[in-house]
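Once you have looked at the hints, place chain B on chain A.
Okay, here's what each chain looks like letter by letter:
2 protein chains.
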Amino acid sequence: MKNNYCVIMAGGIGSRFWPASRNNRPKQFLDFFGTGHSLLQMTVDRFRPLVPIENVLIVTNVLYKDLILEQIPDLKPEQVLCEPARRNTAPCIAYAIAHIKGMVRQRTGLGEEVSWDDDRLNANIVVSPSDHLILHENQFRKTIRTSFAFVEKHDSLLTLGMKPSRPETGYGYIQLSNQTINMVDSDIYKVRAFTEKPNRELAEVFLKSGEFLWNSGIFIWNLRTIRHAFAEFLPEVVDKFMPGEKLMGTAEEEAYIQDKFPSCPNISIDYGILEKSKNVYVLPSDFGWSDLGTWGSLYELSEKDEQGNATLKCHATYYDSHNNMVTLPEGHLAVVKGLDDYIVAEADDVLLICPKGEEQQIREFVTDAEIDYKGRYN
Amino acid sequence: MKNNYCVIMAGGIGSRFWPASRNNRPKQFLDFFGTGHSLLQMTVDRFRPLVPIENVLIVTNVLYKDLILEQIPDLKPEQVLCEPARRNTAPCIAYAIAHIKGMVRQRTGLGEEVSWDDDRLNANIVVSPSDHLILHENQFRKTIRTSFAFVEKHDSLLTLGMKPSRPETGYGYIQLSNQTINMVDSDIYKVRAFTEKPNRELAEVFLKSGEFLWNSGIFIWNLRTIRHAFAEFLPEVVDKFMPGEKLMGTAEEEAYIQDKFPSCPNISIDYGILEKSKNVYVLPSDFGWSDLGTWGSLYELSEKDEQGNATLKCHATYYDSHNNMVTLPEGHLAVVKGLDDYIVAEADDVLLICPKGEEQQIREFVTDAEIDYKGRYN
Numbered sequence: 001m002k003n004n005y006c007v008i009m010a011g012g013i014g015s016r017f018w019p020a021s022r023n024n025r026p027k028q029f030l031d032f033f034g035t036g037h038s039l040l041q042m043t044v045d046r047f048r049p050l051v052p053i054e055n056v057l058i059v060t061n062v063l064y065k066d067l068i069l070e071q072i073p074d075l076k077p078e079q080v081l082c083e084p085a086r087r088n089t090a091p092c093i094a095y096a097i098a099h100i101k102g103m104v105r106q107r108t109g110l111g112e113e114v115s116w117d118d119d120r121l122n123a124n125i126v127v128s129p130s131d132h133l134i135l136h137e138n139q140f141r142k143t144i145r146t147s148f149a150f151v152e153k154h155d156s157l158l159t160l161g162m163k164p165s166r167p168e169t170g171y172g173y174i175q176l177s178n179q180t181i182n183m184v185d186s187d188i189y190k191v192r193a194f195t196e197k198p199n200r201e202l203a204e205v206f207l208k209s210g211e212f213l214w215n216s217g218i219f220i221w222n223l224r225t226i227r228h229a230f231a232e233f234l235p236e237v238v239d240k241f242m243p244g245e246k247l248m249g250t251a252e253e254e255a256y257i258q259d260k261f262p263s264c265p266n267i268s269i270d271y272g273i274l275e276k277s278k279n280v281y282v283l284p285s286d287f288g289w290s291d292l293g294t295w296g297s298l299y300e301l302s303e304k305d306e307q308g309n310a311t312l313k314c315h316a317t318y319y320d321s322h323n324n325m326v327t328l329p330e331g332h333l334a335v336v337k338g339l340d341d342y343i344v345a346e347a348d349d350v351l352l353i354c355p356k357g358e359e360q361q362i363r364e365f366v367t368d369a370e371i372d373y374k375g376r377y378n
Numbered sequence: 001m002k003n004n005y006c007v008i009m010a011g012g013i014g015s016r017f018w019p020a021s022r023n024n025r026p027k028q029f030l031d032f033f034g035t036g037h038s039l040l041q042m043t044v045d046r047f048r049p050l051v052p053i054e055n056v057l058i059v060t061n062v063l064y065k066d067l068i069l070e071q072i073p074d075l076k077p078e079q080v081l082c083e084p085a086r087r088n089t090a091p092c093i094a095y096a097i098a099h100i101k102g103m104v105r106q107r108t109g110l111g112e113e114v115s116w117d118d119d120r121l122n123a124n125i126v127v128s129p130s131d132h133l134i135l136h137e138n139q140f141r142k143t144i145r146t147s148f149a150f151v152e153k154h155d156s157l158l159t160l161g162m163k164p165s166r167p168e169t170g171y172g173y174i175q176l177s178n179q180t181i182n183m184v185d186s187d188i189y190k191v192r193a194f195t196e197k198p199n200r201e202l203a204e205v206f207l208k209s210g211e212f213l214w215n216s217g218i219f220i221w222n223l224r225t226i227r228h229a230f231a232e233f234l235p236e237v238v239d240k241f242m243p244g245e246k247l248m249g250t251a252e253e254e255a256y257i258q259d260k261f262p263s264c265p266n267i268s269i270d271y272g273i274l275e276k277s278k279n280v281y282v283l284p285s286d287f288g289w290s291d292l293g294t295w296g297s298l299y300e301l302s303e304k305d306e307q308g309n310a311t312l313k314c315h316a317t318y319y320d321s322h323n324n325m326v327t328l329p330e331g332h333l334a335v336v337k338g339l340d341d342y343i344v345a346e347a348d349d350v351l352l353i354c355p356k357g358e359e360q361q362i363r364e365f366v367t368d369a370e371i372d373y374k375g376r377y378n
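Residue numbers (the working numbering), protein chains in the order written: chain A, 1 to 378; chain B, 1 to 378.
By construction, these hints were calculated from the structure, which means they are not laboratory data. One thing to keep in mind: the hints can contain errors.
If several chains are the same, the list does not tell them apart, and a pair holds so long as it fits within one copy or across any two.
What the hints assert, rightly or not - In silico lysine-lysine, PhoX-like type, Cα no more than 25 Å apart, as pairs:
1) Lys2 to Lys76
2) Lys2 to Lys142
3) Lys374 to Lys304
4) Lys65 to Lys190
5) Lys260 to Lys313
6) Lys153 to Lys2
7) Lys374 to Lys313
8) Lys190 to Lys153
9) Lys208 to Lys197
10) Lys246 to Lys76
11) Lys163 to Lys190
12) Lys260 to Lys76
13) Lys190 to Lys246
14) Lys246 to Lys65
15) Lys163 to Lys304
16) Lys313 to Lys190
The following block holds chain A by itself, in its conformation from the complex (with noise of 0.2 Å):
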């Protein structure tokens, strides 16, 4: 297990749950359920059992850095990556693995010039968001455990995909081949395609085909492997990081970072790596995933009374209503008479109330506050 690390995601500043969301407490922030526990907390807390929790790094914007702190205070700071800018997962996850090679050296004594191929910098890198859901936590951790099995032996790119339950538009899709590696009581699949969220008639011939699974950017690497590929398929982000390589873990590394990190070319792990090589494996995973994209999938996942009202964290009175979403702050009550499909939504001092299936409109509500009302609200 000391082997094993972890790297979580957490620079979003999606606006899909405004007004839950704002820009100074993004989606990964929130206790979307009343848990007492934001999404980044539940994340690192499922990790705990599979990597030590000095190996775990999370990256981010420095604007998040204190409240990630505050969120999980047996993080150290120097734990919480900061990038300059936003360059989405591929550059994200690049500044990662260079960080955690100079953890490596640092703590087995070895020196700066020491290759990648050494197998004493031998280290497993689960990259995770952190604001999905995960359900079913043990399912979880077996399959984790299965994926570090399988990329110490193997020098593979692993991908967890899951197994679709209906035709969802609004994720990736990855489709298997016919190749397919054992592991304990897993087969897992050589991928032959990453696909682009499908109109609903393509979701729909995925899910009967039974050959492909959505994609959950969680991914499964060798620190040796993932920097193989990023020498192959992305030789111009490499090139960013590997003069400051001797830097990492000093306290010259964030000035190298600020200067260095922007001029990276915004790209995603996705389409700068994984959708290239030929290396690249899936476990069909199945532990009630969810990427809690929108207010509607978070109705999807909570429970709803018999009139199909979900109520999240307040209490509520319905009359005449149904398949509602409700949430208000804790301690808050809802009457909500003669209402049906409706998103009713409030977070501090705004209250959203929307068709539940008009909610693609979302980020026109928060562009209008932010001109309205310069930001107040945002």
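Same frame as chain A, now just chain B:
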């Protein structure tokens, strides 16, 4: 002006404006329009140019005494009369006139044996609800001055009748006779009949006839005149107060009222006296009056945007939404999409969403909340 007195009835516990109104904060104490003044404060201020502040009495429940003294800091505690039980308007007014007799006696040095008919007891009294809205203050003042001049000269009971602007079914009506008395530039009509709240059809007949006015619940009379009317029509109420008249304004007043008031019959001044007396006049008035009986009536009075949405106290942005009435705590923002003809009202920790046409059910909501949440939100 020093003979002018004002009795403001502020004992109501109306639940029709829940959740804005609560048990400990009924409608009259609310600042509905975000002006920084409660309806009670506006009522008191309206009378300041007409009645010396030391001649203003507020009759209420002891629960609200402190709140009243807080809202009207230049009122002395002895100007707030506390009813030990709710007994409708007739006992409330009987108590107030007994107290006013005591005030006048003390100020003029008259003995307790002085007759109600003694000219030195002369006092003109306006009786007013505390929770109505009046838009045109100048017109109101003119009307009250005319009324005082009328009751100074005529031993009659005077009521203000509002010129109806729509076939309202929520108000009682007053039918005019042909008999008039001219005062300054107003004709004051003898009342032919008081009527209960009519159905829609009848309300339309009333409106069309031009013979009917809305009953505002604002009355003006001389101390002596109303006391005679009580003696004639409600002797059982007079019996309760007469033995204690000499105690009014002394340390024993409160104990006496505590003892006797609860045994008064529960009866309104309209039913107990005005409908029975042949000596009732009405001054047709038009000063932008509303009893603010429901959220709907507040909507009617409020400024609306081009889509018919009325926003009270808060900010609101509407998308595909029409004819809604939205009020949140000051400084909050509502974003409303795809909603027509609703009340959205939030106060403290309760949010109500209800079609405007179904707001008579608010009483049911209040009762349900009382039971379900043990009064926590009432």
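Outcome of the hint check:
1. Within a single copy, Lys2 and Lys76 get their C-alpha atoms as close as 17 Å, which meets the 25 Å cut-off; across copies the closest is 76 Å, which misses it.
2. For the homomeric pair Lys2 and Lys142, the shortest alpha-carbon distance inside one copy (17 Å) is at most 25 Å, but the shortest distance between copies (88 Å) is not.
3. In this assembly of identical chains, the alpha carbons of Lys374 and Lys304 lie at most 25 Å apart only when taken from different copies (23 Å versus 37 Å within one copy).
4. With identical chains, the CA atoms of Lys65 and Lys190 are never at most 25 Å apart, being 37 Å at best within one copy and 78 Å at best between copies.
5. Neither within a single protomer nor between protomers do Lys260 and Lys313 lie at most 25 Å apart by alpha-carbon distance, with minima of 43 Å and 50 Å respectively.
6. In the homo-oligomer, the alpha carbons of Lys153 and Lys2 lie at most 25 Å apart inside one protomer (16 Å), although the nearest pairing across protomers, at 100 Å, exceeds that limit.
7. For a Cα distance limit of 25 Å, the shortest separation of Lys374 from Lys313 across copies, 19 Å, qualifies, whereas the shortest one inside one copy, 29 Å, does not.
8. In this homomeric assembly, Lys190 and Lys153 come within 25 Å of each other (Cα to Cα) only inside a single copy, at 15 Å, whereas the closest approach across copies is 104 Å.
9. For the homomeric pair Lys208 and Lys197, the shortest alpha-carbon distance inside one copy (16 Å) is at most 25 Å, but the shortest distance between copies (65 Å) is not.
10. In this assembly of identical chains, Lys246 and Lys76 lie within 25 Å of each other by CA distance solely inside one copy; the values are 21 Å within and 80 Å between copies.
11. In this homomeric assembly, Lys163 and Lys190 come within 25 Å of each other (Cα to Cα) only inside a single copy, at 16 Å, whereas the closest approach across copies is 84 Å.
12. For a Cα distance limit of 25 Å, the shortest separation of Lys260 from Lys76 inside one copy, 24 Å, qualifies, whereas the shortest one across copies, 73 Å, does not.
13. In this assembly of identical chains, the alpha carbons of Lys190 and Lys246 never lie at most 25 Å apart, being 35 Å within a copy and 101 Å across copies at closest.
14. In this assembly of identical chains, Lys246 and Lys65 lie within 25 Å of each other by CA distance solely inside one copy; the values are 24 Å within and 75 Å between copies.
15. For the identical chains of this complex, Lys163 and Lys304 are intra-copy neighbours only, at 23 Å inside a copy versus 51 Å across copies, given an alpha-carbon limit of 25 Å.
16. When the C-alpha separation of Lys313 and Lys190 is checked against a cutoff of 25 Å, the pair qualifies neither within a copy, at 42 Å, nor between copies, at 60 Å.
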